[in-house]
Amino acid sequence: MKLSPLALAIALTPGLALAADESSSSAQLPPMVITRATNLKAPTPASVAVIDREQIETSASSDLLDVLRSQAGLQIRDTMGDGNRAAISLRGFGENAANNTLVLVDGRRLNQPTLASADLNSVPLANIERIEIIRGAGTVLYGDQAVGGVINIITRTPSSNEAYVEASRGSHDHEAFRGHLHQQLGGGFSLYASGETRSNDNYRDHNNADYSNAFARLRYEHDNGHVFYEYQTVDDELLFPNALSLAQRRQDRKQSSSQSWNDSKSQVHRLALEQRLSEVWSAHLDYSHSDQDGVGSFGPGAEFTQGTRIETISPRLTARFDSPLGRAEWLLGHDHITSDYEYLASWGDTLAQQTLRDWYTQFSQDLGNGLNLVIGYRASEADDESTASSRAHRDREGSSSIGLSWQANEQTRVFIRREDVLRWANVDENGFTSPDVTFLKPQTGESWESGVEWNDGIQQYRLTVYRLELEDELMYDPDAIGPYSPWSNGANINLDKTLRKGVLIEAERQLTSDLSIGGQYSFTDSEYRDGSFKGNDVPWVSRHSASAHMSYEILPGLRSYVEAVYTGKRYYSGDDANIQQKAGSYTLVNAALAYEYRQFNTKLRINNLTGKRYDAFATAASRYPAPEEEVQLSVGYRF
1 MKLSPLALAI ALTPGLALAA DESSSSAQLP PMVITRATNL KAPTPASVAV
51 IDREQIETSA SSDLLDVLRS QAGLQIRDTM GDGNRAAISL RGFGENAANN
101 TLVLVDGRRL NQPTLASADL NSVPLANIER IEIIRGAGTV LYGDQAVGGV
151 INIITRTPSS NEAYVEASRG SHDHEAFRGH LHQQLGGGFS LYASGETRSN
201 DNYRDHNNAD YSNAFARLRY EHDNGHVFYE YQTVDDELLF PNALSLAQRR
251 QDRKQSSSQS WNDSKSQVHR LALEQRLSEV WSAHLDYSHS DQDGVGSFGP
301 GAEFTQGTRI ETISPRLTAR FDSPLGRAEW LLGHDHITSD YEYLASWGDT
351 LAQQTLRDWY TQFSQDLGNG LNLVIGYRAS EADDESTASS RAHRDREGSS
401 SIGLSWQANE QTRVFIRRED VLRWANVDEN GFTSPDVTFL KPQTGESWES
451 GVEWNDGIQQ YRLTVYRLEL EDELMYDPDA IGPYSPWSNG ANINLDKTLR
501 KGVLIEAERQ LTSDLSIGGQ YSFTDSEYRD GSFKGNDVPW VSRHSASAHM
551 SYEILPGLRS YVEAVYTGKR YYSGDDANIQ QKAGSYTLVN AALAYEYRQF
601 NTKLRINNLT GKRYDAFATA ASRYPAPEEE VQLSVGYRF
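Residue 318 in our numbering is what sits at position 318 of the sequence shown, and the numbering runs on without skipping anything.
Careful: at least some of the hints might be erroneous.
[As the list claims (entries may be wrong)] Pairs of lysine-lysine residues, derived as BS3-like cross-links and limited to a Cα-Cα distance of at most 30 Å, are as follows:
| # | residue 1 | residue 2 |
| --- | --- | --- |
| 1 | K254 | K612 |
| 2 | K254 | K265 |
| 3 | K612 | K534 |
| 4 | K582 | K534 |
| 5 | K497 | K612 |
| 6 | K582 | K254 |
| 7 | K582 | K612 |
| 8 | K582 | K569 |
No lab work stands behind these hints: they were computed from the structure.
Could you put the whole structure together from the sequences, leaning on the hints where they help?
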């Protein structure tokens, strides 16, 4: 089944919702709250989607990817099939998507200083209060890798004692147990702890996954702020199925001749505090230390070990005050991130260190009549050191932003924003370059976006247009002369100029108290602006994508959810010349039932209801087949 993106866009226009129950009165549009572990009160001039706790529960999703797949402007690549190492693309990135979308948990970076994707499974859905998706550049406020956008996950801080346990069974021998506990200890202290363990054979052969995650937070609240300590440990074991040739996929989609595997263990310590210094000033401090060790193999004789240590300290000051023009807000912060990375293998070792030192500021001023001005600047410095080759390098860049947000009336908001973007080459990229390249140049560029939103409390519509111009974009080129030439090619390079531009159309409507519908359409034009591929599309980016969803409460406590997610045609990965036939478009239908009765709840979700056969990732010569229909049933009890 194929669903036209134009048909989806038409289906979501206000004219088809005239039969709605309009008993509710107009509601004032609440300001968007964008946080970096620091609450900002001023309206943000950006295209933002907020997924709250109720939406997460309605979808009956079991992992973060299920929640994100249908969001506007977002494309996902999950080649391993476990939902963990998936790359999230915002603003039209292909193979390098993982390093151009920043993922945060309460302001703490999940992104690695390597080519690896963020560990999305390290945040169980039961721990999440809401998810903020900031589409577009966020360099000034968020720093490195916030090029296409930012996904900020806000975790729960329950106000009362509670305990919850849940068990899940599903397709491919999926089995999971999870739970959490929140306990007020008295004297302002509280404890939150959660744990999860799961195993899954996954869709492909040689794709078994075992995953466990334990988390604890001790928090102290006082009259003028709070302080907390967090500890998390993750054990992740996965067999890699690797790609199939076209002949192999036709013979058996599930087969694998791979002998690749990877086991990793991670520990994260975090200490954070917030202190109100006066009626105007507040201070924030965030410190974290992440330690990840792994062993793996690409096959007999191709074993490797790797280790990553990341230490981050981020102090911030916030002021809120009345100026002669109106209410103002000022944020001043510093980020100091040190990353040590080692990769030891028979074919070569990578030993490197990177230190990022940034100072940033953002000022917001109410200009009256619903108009708000936001300006910001970030001074960034990167020190790179390669121990194996005894090379060192220092580089500096400055980034600025300016935006206007206008609340035209209670229902309508208009915004426009311009921002510089920046991404430093990580330790992985600088460790695998062509022989004549000492260190890669930073990826820089300019982002413009504008939009209008309309919300009356019953229905909400949003239109966003954007343009992102990049220079020296960082990318792996399999045909470049590599460090092991002439035995093998491939190296990380700086591309010529690239351009992304597009349109997002989103709609939500509460038809009755029991029925709501919504959806989105995204047009993404991602192309090379210079060099031998000038005018060509960036591979593995769909120009057209869309989704539609419906939620209906069948009986009190019993809610159904159905969504359709459309992905349009795109060039195969690696086809920069655009000479191959495009990968075909497809539509996935997912359905769910969620039921709550007193302390019990149960969730049934079926992904790919129609059993559509498609590829999670593909080149012209190889494929990563995606799962057909998958069923998962979860039963939980709240104490």
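Taking the hints in turn, this is what the structure says about them:
1. Taking the CA atoms of K254 and K612, the gap is near 14 Å; set against the 30 Å cutoff, the hint holds.
2. Distance restraint check for K254 and K265: the Cα-Cα separation of roughly 28 Å lies within the 30 Å cut-off, and the hinted pair is therefore satisfied.
3. A hinted pair counts as satisfied when its Cα atoms are at most 30 Å apart, and K612 with K534 does not qualify at roughly 35 Å.
4. At roughly 18 Å between alpha-carbon atoms, K582 and K534 fall within 30 Å of each other, so this suggested pair holds.
5. Proposed proximity of K497 and K612 is contradicted: the alpha carbons are some 37 Å apart, above 30 Å.
6. With a CA separation close to 23 Å, the supplied pair K582 and K254 stays within the 30 Å bound.
7. For the given pair, K582 sits about 18 Å from K612 by alpha-carbon distance, which is consistent with the 30 Å threshold.
8. Taking the CA atoms of K582 and K569, the gap is about 6 Å. The hint holds against a cut of 30 Å.
Hint check: violations occur at hints 3, 5; the rest are consistent with the structure.
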